[in-house]
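Number of protein chains: 4
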Amino acid sequence: MNTFGRFFKLSIFGESHGDCVGITLDGCPPGIELSELDFECDLTRRKGLNIKGTTPRKEEDSFEVLSGIFNGKTTGTPLTLIFKNKDVRSSDYSPDIPRPGHADFVAFKKFNGFQDYRGGGHFSGRLTAPLVAAGVIAKKIISPVNVTAIVTEVGGSTKINEVIEETLSLGDSIGGIVECVVSGLPIGIGEPFFDSLESLIAHAVFSIPAIKGIEFGKGFEASRMKGSEFNDPILDESGRTSTNNAGGINGGISNGNDIVFRVAVKPPSSIKKEQKTLSLKSGEISTLKIDGRHDACLALRVPPVLEAVTACVLADLVSMVPGNLPWFPAPAPR
Amino acid sequence: MNTFGRFFKLSIFGESHGDCVGITLDGCPPGIELSELDFECDLTRRKGLNIKGTTPRKEEDSFEVLSGIFNGKTTGTPLTLIFKNKDVRSSDYSPDIPRPGHADFVAFKKFNGFQDYRGGGHFSGRLTAPLVAAGVIAKKIISPVNVTAIVTEVGGSTKINEVIEETLSLGDSIGGIVECVVSGLPIGIGEPFFDSLESLIAHAVFSIPAIKGIEFGKGFEASRMKGSEFNDPILDESGRTSTNNAGGINGGISNGNDIVFRVAVKPPSSIKKEQKTLSLKSGEISTLKIDGRHDACLALRVPPVLEAVTACVLADLVSMVPGNLPWFPAPAPR
Amino acid sequence: MNTFGRFFKLSIFGESHGDCVGITLDGCPPGIELSELDFECDLTRRKGLNIKGTTPRKEEDSFEVLSGIFNGKTTGTPLTLIFKNKDVRSSDYSPDIPRPGHADFVAFKKFNGFQDYRGGGHFSGRLTAPLVAAGVIAKKIISPVNVTAIVTEVGGSTKINEVIEETLSLGDSIGGIVECVVSGLPIGIGEPFFDSLESLIAHAVFSIPAIKGIEFGKGFEASRMKGSEFNDPILDESGRTSTNNAGGINGGISNGNDIVFRVAVKPPSSIKKEQKTLSLKSGEISTLKIDGRHDACLALRVPPVLEAVTACVLADLVSMVPGNLPWFPAPAPR
Amino acid sequence: MNTFGRFFKLSIFGESHGDCVGITLDGCPPGIELSELDFECDLTRRKGLNIKGTTPRKEEDSFEVLSGIFNGKTTGTPLTLIFKNKDVRSSDYSPDIPRPGHADFVAFKKFNGFQDYRGGGHFSGRLTAPLVAAGVIAKKIISPVNVTAIVTEVGGSTKINEVIEETLSLGDSIGGIVECVVSGLPIGIGEPFFDSLESLIAHAVFSIPAIKGIEFGKGFEASRMKGSEFNDPILDESGRTSTNNAGGINGGISNGNDIVFRVAVKPPSSIKKEQKTLSLKSGEISTLKIDGRHDACLALRVPPVLEAVTACVLADLVSMVPGNLPWFPAPAPR
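Which chain is which? The protein sequence lines are F, R, W and A, in order. Sequential numbering from 29 applies to the first sequence in the numbering used here. Sequential numbering from 29 applies to the second sequence in the numbering used here. Sequential numbering from 29 applies to the third sequence in the numbering used here. Sequential numbering from 29 applies to the fourth sequence in the numbering used here.
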């Protein structure tokens, strides 16, 4: 379903070329001060303005708050915000020619042809705008815990601009890697089964379109390591370790070190190059060239989205730390 | 929390050296025939009997059904089964010397020292036995959909036996890679936000101890590919594609091809080699050599567990296919 | 939290005197035809237009659909609709004088004074407008199952108009009883623990402001009956019983007869008569006379709301009938 | 489904004449001291030992703890306890003659005849034993909040013993009323939509077999009252009111006064008197006389069960009080 979280609940809605995209946050504590300025930085990062390789579709990304804020502060009741869709060119889209690699075909099948196919409808990356806005609020809730993500690779290279230039010249698209670090998280966040910290972060992360893999700490490299190399020696009572191969998580629970994970972002499916695909109308294989406004590299826009869903997971999880019942204090350590 | 699923719910409990480990399945349809034979194969695979590199701790792994079965068939009410703990050597464990890389330290901190530390307690791989049993039932529910997992690499090599031999000779442990394939899954399983098929599978998979990464289809390699290489051309109305770089999933939804994913399994933390760690008693760094009965390579035992959690996710998800309301048929396609 | 349901999920938001009140429906099947006319009847009933004893505040109750509808039909993705707040007189309200019997005081305490207190904010009956709209859609989903509610008593009398007249003349308010009947529900809807049909209906019903009691079938009268009087003799294989003292539910599960329940609606707390209450400003007991536009009898407006939440519960529950998995048919009866 | 709660989760299982009945508690804080003595009082009250009108079936009600307790204290991981079924007389039951008023018929239909019909199977009052045990633990968690329930009426009379004597002499059964009071609950517990305190308590209460109605404060009498009579004047900052007609709840949220509610308990369906019912075998109407060991008045055994489910609801709800995030303090002192 289109909701996430138990105590800090997200409920997302909207279509790329419909009236708007939006999100409802339930479980937001009262009294959090919020101004438009708080959102500006992350929303701008998401748009990738002036970054080569991001779509020229330039939504204003100004949003309206429908509920949950009073006198500039959160009320404690559900907070709904929407981004109106303005700069729309539906003529770029046809329901009959599903784009290879995109959700067009599965959406048609899952919803029996009733889906809003324009611009990918509900499957559009456009829905990450409300996610980023939710993340801004989540970051305030979990402060001073800090979440930061950056692009580390594009097309397997760290020479990002060169790769983008080449990709654009080919009318093609390219994948990339984004790394996220959570610092300041106390020991003990996460549950053994089935809500390990990795489980919940991965659950949220894989709802970001185009993510095809996630690894924590050494991740896939761990599959090639020996225990004597991988184990992180504990240095002191605070849980600090001399290495962080586990990415700050043991047994699904934060261990006091930085949480570190990386995600693999696939290349965008919409490209100018000619592709073969099935025509749902004729039932024949036909060719497709997409001249709309699209991203050459989604990875460039993923960092604020990755930070957002991670912050939302943490805002939800922190309510489960032992001893947080107002009149049931955590028992004294043995 | 220690539950998973909405329609096919798992609730897991137990500690490695307590009375038992067990699981409750809620939402199991009535009338499924179940005999001990149904469980034998997967439980034996999990134990890794006679496989070099797996623990010599030889639990019988015979379980008792406490509820939910009557006259050899499921009743439709909750099914609880437990594995009694018999072959236990608690003397192998001390609460004061947390094993590097294991959950000992975080469990101590999270539960204020009240955790059952013996054999990892609730954090033990022993809890995967009830998971595998649940998977056997889930596989019957989703049949003819088929889930199969195999070890593809150990220590970065496909010469598995050689690597294991060397690891054992060193008194060390080693990681590995397990690949899982789901065949026969119809188009349309999974939800756009936040319950994409990747989200739910990853959520379940990361509750398996020692998993540090997951990738679908080309996964991390996709981050190095161009759209023109990655996009899977659709061949016909059934959704069949000429390549399967997406691992059978677009926009979080099954596309009619095989679901393919790989997981990275870290090396077991318990090794015979001397390691440095913190003594919670003295607060000093001390050394640790673990002579207990442990796995040299957990990856060898992961396949049936990976199949089990995947089958449980699918048993839960199939209930959300449009048109499955008994008197609300899916509307005719446009 | 402000969400309800597992498969047909409601997420409600908004404040009485904020920008709007609204709701998101997630899990709505695709292809349901919806026009404004479908909503007109129930929304008009809720407003109680031209019914003596209902508030003269006359919201247009025209709503906007923000998502989930395309070409006049549901898409299968979240459907969000909002009712803009227009006819607002905030001057009627003060944060410092909590109305006795209203949520003003608890809202102030729960949200530390950050709540939107205008017109009851999130606690306003105004939020039942989106609930009624959601109910219209739920009724289409569960059709031909039919849900009907009527006012049976006001102030303990069945002479409703007379009682209302008298109440108005006194500048007072009055309570009432509303009865709801669900016909056409198949046998087997509801779960033994903890999601009995009574549990889920009661859960939803008690989120309607001013409801203080619910009883199924004979309800409280059953506490005065003998088993030989109460038990409903079964007449045939269809489950038809000669009496319906159980209100169509045994062991929490529908038995094939009409579901019958009644709810007690308390008198509205806002009255013209002078009342004593605490001034949060001065900390002194002061007097309060409320001259705003208020209902003399909420019960008169409850029927469509009661139908709505009941229909939503049923829309959610029907997905749990055995045998509704597309390729796992219900086993043949013994 | 057979689970309840988000933060303090119950998962119930078992059948009356199967191996056992049991429950798993997930989300139990670590370090709670538990001994058999803690459970003795409530379990004895539930059995109704030596109370005329309760079943002579005398289960020992000694239970086994399968997990979640170590060195006499809760570990913080799931706590599972089971009551073995010993004193069983299955010959008392036939699958072909459904008892009027009981769940036999709906269970047969819902589960296609695969249900364990012996002694009502999963629908037996026997399952309230693990509920009561869970309640004992919940009471410790919410302490010093106190939950107390008593029988106030049997068969409409307060002369309980006389009514029971008469009922027994007739070989019949009788209903009753149980009142529950929660004292010491802080202001602010409960959520506006859809998790009002009434919603969650009613949800849990209606999973107790034989409950057909619930009312809070004045309840149904409120439907006959005027606002000027019903509204509870607030006396001071602590929320104390001069009357408690609302039963301690406004807008679904605790207001600082005692929570007061009453439940209607129907008469048990199993009686010695001859009754007409349908034979599922012959399809004909036949007669039924039940000579098994049954309760003449279930209400007598309901109080500890009512206390238990109420305490479980509160143990779950307290986690949602604003300001309970360890490093996100409530903006203003509560």
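It is worth saying that the hints were derived from the structure and are not from the lab. Be a bit skeptical, because a hint or two may be false.
For chains that are exact copies, the list does not tell them apart, and a pair is met inside one copy or across any two.
[To be verified] Straight-line distance between alpha carbons at most 25 Å, and here's what the computed DMTMM-like set of lysine to aspartate or glutamate pairs gives:
#  : residue 1 : residue 2
1  : K112      : D286
2  : K187      : E68
3  : K112      : E312
4  : K317      : E207
5  : K114      : D47
6  : K317      : D47
7  : K114      : E312
8  : K112      : D89
9  : K309      : E194
10 : K37       : D70
Open item on the list: Run through the hints listed earlier and report the numbers of any the structure violates, in increasing order.
Closed with: Of the numbered hints, 1, 2, 3, 4, 6, 7, 9 do not hold.
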